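Enquirer: Chain order of the listed sequences is A and B. Its first residue numbered 132, the first sequence is counted upward by one per residue in the numbering used here. Its first residue numbered 3, the second sequence is counted upward by one per residue in the numbering used here.
In short, the hints are calculated from the structure, not lab data. Certain hints may be false.
Just some of the chain B residues that point at chain A, by a computed CB distance under 8 Å [as the list claims (entries may be wrong)]:
1) Leu46
2) Thr51
3) Gly55
4) Val64
5) Leu70
6) Ser91
7) Phe93
8) Thr106
9) Tyr108
In silico lysine-lysine, DSS-like type, Cα no more than 30 Å apart, as pairs [said to hold, decoys possible]:
10) B:Lys57 <-> B:Lys22
11) A:Lys233 <-> A:Lys185
12) B:Lys16 <-> B:Lys66
13) A:Lys185 <-> B:Lys68
14) A:Lys233 <-> B:Lys57
15) A:Lys237 <-> B:Lys66
16) B:Lys43 <-> B:Lys66
17) B:Lys68 <-> B:Lys22
18) B:Lys16 <-> B:Lys57
19) B:Lys43 <-> B:Lys16
20) B:Lys66 <-> B:Lys22
21) B:Lys43 <-> B:Lys68
22) B:Lys43 <-> A:Lys185
23) B:Lys22 <-> A:Lys237
24) A:Lys225 <-> B:Lys66
25) A:Lys225 <-> A:Lys185
26) A:Lys185 <-> B:Lys66
27) A:Lys225 <-> B:Lys22
28) B:Lys22 <-> B:Lys43
29) B:Lys16 <-> B:Lys68
30) B:Lys68 <-> B:Lys57
Note that the structure is a prediction, hence the values are computed from the model and not measured. Using N, Cα and C, we set each Cβ at its ideal position, and we do this for glycine too.
Here are the chains, one letter per residue:
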Amino acid sequence: GIQVEQSPPDLILQEGANSTLRCNFSDSVNNLQWFHQNPWGQLINLFYIPSGTKQNGRLSATTVATERYSLLYISSSQTTDSGVYFCAVAYFNKFYFGSGTKLNVKP
Amino acid sequence: GAVVSQHPSWVICKSGTSVKIECRSLDFQATTMFWYRQFPKQSLMLMATSNEGSKATYEQGVEKDKFLINHASLTLSTLTVTSAHPEDSSFYICSARDSRGADTQYFGPGTRLTVL
């Protein structure tokens, strides 16, 4: 199977700070998505990004497929950004999740 | 667009009973849906791939007789936990693949199952 690793596992930020979350994967993939899981368990799709760079407000993501990693940038963090961030990759018609990064943004 | 619903959102049942969870794609057709299980403070674990009109494909270690999956239509997949035991208590999440454009998956809100 494929290995999907995320770092760091935990991250504590002061409101207003910037952060970078990383997702490494062990083989070529067809798709990569970033999700935010809120405290109620709902998974919110942030980016569909098999390659390249995308931006959506304070969030942006970059995937370098040839080097098998993706980065999620959060700028000017807010307390509502708290939660768990997952990356998931599509590999042979299945999706595999990383272990997640738990983000806590303090006021 | 691309909304996936799950029902119920939470359920409490007694040991030995069966529980059915529904997953619906509301505004698109999904030939493929996925069922995941998530333990507290852990990641999502893929349980099975549900294909419309055919048998589900289960991941290694997932008991197909315990977790029955039916994908009877292009918008509905069901997961039935049979003869539930306390160790089956978990958060179950489904997703549906929207293959119309970019091949992305959209998640339901999840179902929290507690078996007493």
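Enquirer: Next step is simple, just say for each hint if it's right about the structure.
Expert: We went through each hint and held it up to the structure:
1. Leu46: This interface hint holds because 5 Å falls under the 8 Å limit.
2. Thr51: 6 Å, holds
3. Gly55: 16 Å, violated
4. Val64: Not OK, violated: Val64 (chain B) not within 8 Å of chain A, min 13 Å.
5. Leu70: The hint is violated - Leu70 (chain B) has no Cβ within 8 Å of chain A, the shortest such distance being about 20 Å.
6. Ser91: Not OK, violated: Ser91 (chain B) not within 8 Å of chain A, min 14 Å.
7. Phe93: 6 Å, holds
8. Thr106: 5 Å, holds
9. Tyr108: Check passed: Cβ of Tyr108 (chain B) comes within 6 Å of chain A, closer than 8 Å.
10. B:Lys57 <-> B:Lys22: 17 Å, holds
11. A:Lys233 <-> A:Lys185: 22 Å, holds
12. B:Lys16 <-> B:Lys66: With a Cα-Cα distance of about 21 Å, the restraint between Lys16 (chain B) and Lys66 (chain B) holds, given a limit of 30 Å.
13. A:Lys185 <-> B:Lys68: Since the Cα atoms of Lys185 (chain A) and Lys68 (chain B) sit roughly 42 Å apart, the hinted pair is violated (cutoff 30 Å).
14. A:Lys233 <-> B:Lys57: 36 Å, violated
15. A:Lys237 <-> B:Lys66: 44 Å, violated
16. B:Lys43 <-> B:Lys66: 25 Å, holds
17. B:Lys68 <-> B:Lys22: 12 Å, holds
18. B:Lys16 <-> B:Lys57: 28 Å, holds
19. B:Lys43 <-> B:Lys16: 24 Å, holds
20. B:Lys66 <-> B:Lys22: 14 Å, holds
21. B:Lys43 <-> B:Lys68: 24 Å, holds
22. B:Lys43 <-> A:Lys185: Judged against 30 Å, a Cα distance of about 28 Å means the pair holds.
23. B:Lys22 <-> A:Lys237: 39 Å, violated
24. A:Lys225 <-> B:Lys66: Roughly 18 Å between the alpha carbons, so the hint for Lys225 (chain A) and Lys66 (chain B) holds.
25. A:Lys225 <-> A:Lys185: With a Cα-Cα distance of about 23 Å, the restraint between Lys225 (chain A) and Lys185 (chain A) holds, given a limit of 30 Å.
26. A:Lys185 <-> B:Lys66: 39 Å, violated
27. A:Lys225 <-> B:Lys22: 23 Å, holds
28. B:Lys22 <-> B:Lys43: 24 Å, holds
29. B:Lys16 <-> B:Lys68: 16 Å, holds
30. B:Lys68 <-> B:Lys57: 15 Å, holds
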